[in-house]
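> From just these sequences and the hints, can you work out the full model?
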Amino acid sequence: MNKYLNIPLSKRQKFVVSVAMLSVGIFISQYITGVYSIFSALFLSLLTVLFLFISLQEDIKDNFSYTIFILPFMFTLSLILFYPLLPARLLTRIIITGLYAFGLYSIFLTQNIFAVSAIRTINLLRSARIVSFILTIAIIFFSANIIFSSRLPFYISPLIIGFLIFIMNVQSLWTYSLNKEFLHEAVFLSVLIALCLAEIAAVLNIWPINAAIYSIVISGVFYAYSGLTHVWVEKRLFRNVLWEYVWVGLLAILILIIFSKWGI
8 MNKYLNIPLS KRQKFVVSVA MLSVGIFISQ YITGVYSIFS ALFLSLLTVL
58 FLFISLQEDI KDNFSYTIFI LPFMFTLSLI LFYPLLPARL LTRIIITGLY
108 AFGLYSIFLT QNIFAVSAIR TINLLRSARI VSFILTIAII FFSANIIFSS
158 RLPFYISPLI IGFLIFIMNV QSLWTYSLNK EFLHEAVFLS VLIALCLAEI
208 AAVLNIWPIN AAIYSIVISG VFYAYSGLTH VWVEKRLFRN VLWEYVWVGL
258 LAILILIIFS KWGI
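To convert a position in the sequence shown, counted from 1, into this note's numbering, add 7.
None of these hints come from the bench; they were simulated from the model.
One should not assume that every hint holds.
Said to hold, decoys possible - Listed next, the in silico DSSO-like pairs over lysine-lysine satisfying Cα-Cα at most 27 Å (straight line): (1) K68 with K187; (2) K68 with K18; (3) K21 with K68; (4) K187 with K268.
Okay, here's the thing in structure tokens:
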């Protein structure tokens, strides 16, 4: 199997080729509508995982973890499904494709840093965590917008939000340890955060807001909760750091109150 995947290119060249091929795929997928768009999104998301595996197989063979594939999979899936909510113009398609290429290349680079850091210490780890967390927030924003706009039954969307938050927080926490032993603690903390966000999503289902405000609130509260777990794991939960995340959570609530449409 390995000899078929051992393509004679440098790792960075594999990243560039993979991103180029997937960018062409996502541009074409924007012309696909209906149920076939979901199939194309899943196909390209799985292809993203395959390309990343081919690029990093030498680095992860001794310390393999499925969490390294969550971010690229969800980034491709969320962006493809988010596109139908935007105006169907050629310029929009080009912009989305460009953002996807930039974001996916950044993800490949960060996942490469995480894979190498699991073997030896490198200086770029902290920067990779920041980029990864920003992209995680973006994925949650896109996904929450998709879920709200789908007008699912009120008892279904909180479950999907809870599952989304769970898997995204597990991979985000994993970047702060990069070993399988920590996954048990990451799962426990992620379950707690997922339950909180699922309850908030249930309340927001009956709140008079639009999809953008819904997504901002979910993303903002996730940023606060997940960020606090990050500093807890790093053992630097100081007062000034605590208030940084608390203020973001309060800002999300303030936005919710200001932009609620009560019909008054």
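> Determine for every hint whether it applies to the structure shown.
Results for each hint:
no.	hint	verdict
1	K68 with K187	holds (14 Å)
2	K68 with K18	holds (15 Å)
3	K21 with K68	holds (17 Å)
4	K187 with K268	violated (46 Å)
Violated hint: 4 only; the structure is consistent with all others.
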